[in-house]
Amino acid sequence: MLKKIFSHSFILSLLIIVGLIFFNSQGWLKIPQDIFFRLTGFGQKISYQIALKTNDLIDFLTSINKFNQKNIQLTKENEELLSQLVQLKEMARENEFLRQQIGLVSGESPQLILANVIGQNLSPFEKCLLINQGAKDGVEEKAVVIMAGNFLIGQVIEVGSSFAKVQLIIDPNSRVNALIQESGVAGLVKSNQGLNLTVDLIPQGETIKEGQTVVTSGLAGIFPSGLLIGQISQVVSIDVQVFQEAKIEPAFDFKKLDKVFVIKN
Amino acid sequence: MKSFFAILILLLAVIFQTTLVPFLSLRGVIPNLVLVLILFLVIFKSFQETWWLIILAGLFLDLLSGLPLGLISLSLLITAYLIDRFNRSVFSGAKIWLVAALVALGSLFYNLILIGLSRLFILINLSQKVTYSNVFSWDYLITLFLIIAYNLVALLFFYGIKKIFYQKQGARGY
Numbered sequence: 003m004l005k006k007i008f009s010h011s012f013i014l015s016l017l018i019i020v021g022l023i024f025f026n027s028q029g030w031l032k033i034p035q036d037i038f039f040r041l042t043g044f045g046q047k048i049s050y051q052i053a054l055k056t057n058d059l060i061d062f063l064t065s066i067n068k069f070n071q072k073n074i075q076l077t078k079e080n081e082e083l084l085s086q087l088v089q090l091k092e093m094a095r096e097n098e099f100l101r102q103q104i105g106l107v108s109g110e111s112p113q114l115i116l117a118n119v120i121g122q123n124l125s126p127f128e129k130c131l132l133i134n135q136g137a138k139d140g141v142e143e144k145a146v147v148i149m150a151g152n153f154l155i156g157q158v159i160e161v162g163s164s165f166a167k168v169q170l171i172i173d174p175n176s177r178v179n180a181l182i183q184e185s186g187v188a189g190l191v192k193s194n195q196g197l198n199l200t201v202d203l204i205p206q207g208e209t210i211k212e213g214q215t216v217v218t219s220g221l222a223g224i225f226p227s228g229l230l231i232g233q234i235s236q237v238v239s240i241d242v243q244v245f246q247e248a249k250i251e252p253a254f255d256f257k258k259l260d261k262v263f264v265i266k267n
Numbered sequence: 003m004k005s006f007f008a009i010l011i012l013l014l015a016v017i018f019q020t021t022l023v024p025f026l027s028l029r030g031v032i033p034n035l036v037l038v039l040i041l042f043l044v045i046f047k048s049f050q051e052t053w054w055l056i057i058l059a060g061l062f063l064d065l066l067s068g069l070p071l072g073l074i075s076l077s078l079l080i081t082a083y084l085i086d087r088f089n090r091s092v093f094s095g096a097k098i099w100l101v102a103a104l105v106a107l108g109s110l111f112y113n114l115i116l117i118g119l120s121r122l123f124i125l126i127n128l129s130q131k132v133t134y135s136n137v138f139s140w141d142y143l144i145t146l147f148l149i150i151a152y153n154l155v156a157l158l159f160f161y162g163i164k165k166i167f168y169q170k171q172g173a174r175g176y
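Protein chains in written order, with the working numbering: chain R, 3 to 267; chain Z, 3 to 176.
If we strip away everything but chain R, and leave its shape as in the complex, we get (with noise of 0.2 Å):
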């Protein structure tokens, strides 16, 4: 009888996978999962490459009658941003002034690991990034990933020894406390249905516009405060609920990522 069971191929089947289930969670499956990322991590990476400069170029050839239109738009943003610029240069000066006045020292800058992008899980039921760099790099779990120009991505959830999963906060699971940061309302980001970004839990009587920026907020101690997260698009705002959302417009494609940092914990 159980000869017979043994050798119906659903059950076989169904019984190696629940015994892979159960090795993954006594964590014996580490090392097979570090050779397997060992020997496919070159051929992710060059088929990655690949892909990212094929779209590139498809954009490009698309959006070539575009070009007079958005030179114009953002040689003005330049400027906009120039002006800031040298406000925020100012005051940082005086801040760090006035911090040696009062013997307060400044914050260190967190270390950052430098790792490129060798893959990505985009379907509907998650999305995460896989990256090349590990535990024996110094990435940890749970670690916080940005871009260049402190642009927050996600966060760590596996690290093996030479690869670790980043989940990115377009991940139906990911959840951010954040802050708008023109008029310090704290509200909750997450991803709606995997599809877009919401600014959630902001109280009815908020005053909160479109293209004001949105930060992560420091709060729970997950993810540092002052990464950018995007600017509102659309604000959600119906009398009878207690609280109003927004739609958030990312500060990046997600699609087009090819290296990040992870924050060192």
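Please keep in mind that the hints were generated in silico from the structure rather than gathered at the bench. Each hint should be verified, as a subset may be incorrect.
Some chain R residues well away from chain Z (every beta-carbon gap over 10 Å; in silico) [said to hold, decoys possible]:
hint, residue
1, Leu90
2, Lys91
3, Glu184
Residues from chain Z shown here face chain R by an in silico Cβ test under 7 Å; the list is partial [to be verified]:
hint, residue
4, Thr21
5, Leu22
6, Phe25
7, Val31
8, Ile32
9, Trp53
10, Gly68
11, Leu71
Negatives, chain Z to chain R, calculated, CB over 12 Å [what the hints assert, rightly or not]:
hint, residue
12, Leu154
13, Leu158
14, Gly162
For glycine and all other residues, C-beta sits at the position ideal for the given N, C-alpha and C.
Starting from the structure of chain R, add chain Z where the hints point.
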């Protein structure tokens, strides 16, 4: 030798799934090359001949995804088995429209089984991740429709390769 090539093709499909295919995203939906390939094999061969490939495919995908290990493997295995049963008992023959119907059905089963199993994994403490919070919503229905449509496009690609490959074999007199 055939098994080696089968594993190689599977590995390539898995690598493309995580590198090239994400750039084809439409409203957050991408085609599932590995699912379509497995269903294709199950329809034209049988579950009996391909069960070990299904386990490998699921394992490769599980290793590269952020979902709990075993979730994708189990979903793929159950889906492949159900489609094999459907193919043998309800449908028969290998006409393209029948294959398309089976792949569409397989895509539907796979996604529903994945959501169901993810809830089970949470219940038995193997995971904290919820794969889809509201199954009974327009958003999910549209997503499901797009998944099936996209997988059918992938099927045309594999079917085309099969036709070319078997035509060449026919021309050589095999």
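Structure-based check of each hint:
1. Residue-level check passed: R:Leu90 sits 36 Å from the nearest beta carbon of chain Z, beyond 10 Å.
2. Listed as a non-interface residue, R:Lys91 keeps its Cβ farther than 10 Å from every Cβ of chain Z; the least gap is roughly 38 Å.
3. At roughly 29 Å, the least C-beta separation between R:Glu184 and chain Z is larger than 10 Å, which holds for a residue marked as non-interface.
4. Annotation: interface hint on Z:Thr21 holds; nearest CB of chain R at approximately 4 Å, less than 7 Å.
5. Because the closest C-beta pair between Z:Leu22 and chain R is about 4 Å apart, less than 7 Å, the hint holds.
6. For Z:Phe25, the suggested interface contact is upheld, since its CB lies about 5 Å from the closest CB of chain R, less than 7 Å.
7. Interface hint at Z:Val31: satisfied, since its Cβ lies 6 Å from the closest Cβ of chain R, which is below the 7 Å cut-off.
8. Restraint check, Z:Ile32 versus chain R: the minimum CB separation of about 6 Å is within 7 Å; hint holds.
9. Taken as an interface hint, Z:Trp53 checks out: its beta carbon lies about 4 Å from the nearest beta carbon of chain R, inside 7 Å.
10. Of the supplied interface hints, the one on Z:Gly68 holds, with its beta-carbon coming within about 4 Å of a beta-carbon of chain R, less than 7 Å.
11. Evaluation of the Z:Leu71 hint against chain R yields a held restraint, the C-beta minimum of about 4 Å falling below 7 Å.
12. Every Cβ of chain R is farther than 12 Å from the Cβ of Z:Leu154; the closest lies at roughly 17 Å, confirming the non-interface assignment.
13. For Z:Leu158, the requirement that its beta carbon stay farther than 12 Å from each beta carbon of chain R is met, with the minimum near 20 Å.
14. With a cut of 12 Å on Cβ distances, Z:Gly162 stays outside the contact zone with chain R, its closest approach being about 21 Å.
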